[in-house]
Amino acid sequence: MLEHNDDLLRIENLSKFFSVSSGLFTRPFQLKALQDISFTVKRGETLGIVGESGCGKSTLGRCILQLLSPDEGRVLWLGEDIARLPEEQMRLRRRDLQIIFQDPLASLNPRMTVGEIIADPLRTLMPEVDAKGRRERVIKAMEAVGLLPEMINRYPHEFSGGQAQRIGIARALITEPKLIVCDEPVSALDVSVQAQIVNLLSDLKQQFGLTLVFISHNLSVVRHVSDRILVLYLGRVVELASGDDLYADPRHPYTRALLTAVPIPDPRRARQRTIDGLVGEIPSPINPPSGCTFRTRCRHAVALCADKRPPLETVDGGRLVACHRWRELAVTAAQ
Amino acid sequence: MTNVLVVDDLDVTFALHQAEVKAVSDLSFSLAAGETMAVVGESGSGKSQAFLAIMGLLARNGRAAGRAMLGEVDLIGMPGDRLDAYRGKDIAMIFQDPMTSLNPSLKVRTQLAEVLVRHQGFAPDKAGRAVIEMLERVGIPEPVKRASAYPHELSGGMRQRVMIAMALLCRPKILIADEPTTALDVTVQAQMLELFKTLTDEFGTALVLITHDLGVVAGVADRMMVMYGGRCVETGTVDELFYDPRHPYTLGLLHSTPHVAKRAQRLDPIQGLPPSLERLPSGCAFHPRCAFRFETCFAERPQLLPVDGGARGRACWYQGSLKHEEVA
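Protein chains in written order, with this note's numbering: chain A, 482 to 816; chain B, 9 to 336.
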């Protein structure tokens with residue numbers, strides 16, 4: 482049963498904890514990687530997920546795909562909770578959900594040929610496709626990502642980073658998925674190649690009607706590819722809005738600080754702007770601050786922020802923000 | 009303004025199993041006192057190797073030729089023990105990963121004080137006090153406490169600050185920073201770039217910022233040098249190159265860089281891949297990827313020549329307009 486026709490994926494109150502042991506005789510700590518995450522991914526959109534190291538963005542990507550199972554909450558794929566699905570049941574759905582990783586060469590098996598690597602998901606997820614069908618699909622996928630079909634028998638080490646990422650993308654496309662999680666897909670690439678891969682992903686999205694979840698620490702890239710953007714801080718959602726709204730009118734002090742910290746490739750504007758300097762660094766997720774986890778770096782923090790965690794409020798029809806003071810701060814910003 | 013470093017015809021060659029590979033060719037530039045120069049390029053452009061050569065830090069199979077004049081002395085070919093009189097004192101270098109520069113088995117105070125004892129002849133207790141002062145300058149909270157910590161006990165941003173403190177202890181004339189903020193989170197990166205600006209202004213240190221990130225360049229540098237295939241292809245002020253690039257590669261880099269304030273429909277990337285140094289294309293090394301190429305580009309290498317008779321230079325045969333819409 483589909484509750485919302487537009488929602489391909491719906492994450493409800495998802496939490497993920499890791500046990501971290503610091504020594505043989507000490508009690509393990511609980512690292513709260515993600516807490517109470519809720520959002521939806523609409524059919525055909527690109528949802529960007531941004532945040533700094535340790536915010537949980539990659540863990541979230543892996544929880545969506547059930548590569549990690551969440552400790553709490555639901556992951557509704559086409560209305561069905563896949564978070565508690567037995568692996569053999571999940572396997573049937575994996576053809577719809579694929580992933581592209583950051584380090585293209587590290588994510589390709591060096592002993593397999595390009596053809597074998599790209600065909601691998603077919604073998605495991607769609608055994609009904611025979612050898613001939615596999616080869617046809619592999620060649621189609623290679624052409625779609627701009628690899629020459631005659632490269633099919635080569636090995637990964639013969640490829641540069643940008644080409645290796647194309648192999649990774651072809652492997653993700655081969656099962657004709659509905660959704661692809663792209664986890665920092667261009668972060669390891671040279672600038673000129675990065676732009677090629679960003680363009681390729683948007684072409685493929687059009688061509689195959691894909692929905693993308695695009696995870697990156699690079700706000701400029703995320704802004705470029707995303708329809709809506711989810712901002713994470715220390716395992717929690719602090720803001721969710723369309724790319725245009727988020728950039729033009731950020732509501733959370735963290736989003737505002739992030740946006741002013743992004744280097745802009747424009748010397749005159751770079752000289753003019755003032756950076757909303759955040760003090761300090763991200764606290765440890767093992768022992769996060771009470772109340773609002775951002776308060777230790779926020780210049781607008783008041784006593785309330787330490788006492789009570791701000792709820793994630795829906796504002797202006799669809800935007801989400803988690804800050805006690807967003808209303809008064811929005812007024813100040815407007816003045 | 010006086011030049012603190014003048015580099016002439018620098019070549020860097022690496023001996024591999026079968027062949028010699030040239031990582032840097034005919035590089036000439038000068039660095040003025042107190043200025044910030046960005047060196048921009050993709051992997052294999054030679055941007056890091058050029059400065060490792062100047063610091064005498066090439067890998068064992070690497071060889072440098074040419075001249076790098078630090079005042080009256082030529083650093084190229086100088087033996088390591090003589091270089092040590094200048095390295096860390098007049099010219100310092102920091103890297104992307106602070107742990108490559110910090111000794112993990114020494115407390116912060118110990119390794120920083122050593123620099124002052126060695127280069128400035130400080131007595132150990134005076135050196136200790138100067139270290140604490142410098143740690144405070146680079147924005148380390150509780151500097152006395154942090155001075156007694158080992159590098160692994162500090163966060164990434166904090167280690168980067170310690171490394172900057174160490175590099176600036178002797179108030180060097182030149183600081184070379186190789187991708188100093190690439191591994192940092194964006195909010196910490198912004199803090200670090202501010203710190204570079206403040207400290208180099210204050211100490212009159214010339215900064216060489218080696219980076220692939222044009223956003224970082226725009227915010228910090230006065231001048232820039234764009235490298236491709238081991239050569240400088242364009243050089244000039246930051247405003248000249250960003251608003252009026254004259255080399256197709258510079259233009260391509262600018263078009264490849266997404267801008268957080270804009271959602272363009274498509275980026276306009278450079279086709280193809282950066283070349284392998286073992287198989288550099290003939291003529292202009294950029295010609296296989298260049299939209300403006302013509303016959304000459306395949307056969308003959310363009311020299312780095314002055315543009316409009318001014319201080320900026322470029323190495324390109326194409327004389328027409330690059331039809332560049334303003335990136336602003």
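These are calculated hints, taken from the structure and not from any lab test.
A couple of the hints might just be wrong.
Said to hold, decoys possible - Simulated restraints, written as ranges between beta carbons of each label pair:
#, chain 1, residue 1, chain 2, residue 2, range
1, B, D133, A, V796, 55 to 63 Å
2, A, N768, B, T206, 51 to 59 Å
3, B, R179, A, R780, 31 to 39 Å
4, A, T507, B, R274, 48 to 56 Å
5, A, N590, B, D92, 41 to 49 Å
6, B, E141, A, G758, 16 to 24 Å
7, A, S500, B, D16, 58 to 66 Å
8, A, R780, B, H160, 24 to 32 Å
9, A, D708, B, F211, 29 to 37 Å
10, A, K789, B, R137, 26 to 34 Å
No residue lacks a Cβ here, since even glycine has one placed at the ideal position from N, Cα and C.
Inset, instruction - Taking the numbered hints from earlier one at a time, note which ones the structure violates and give those numbers from smallest to largest. - result: 2, 9, 10
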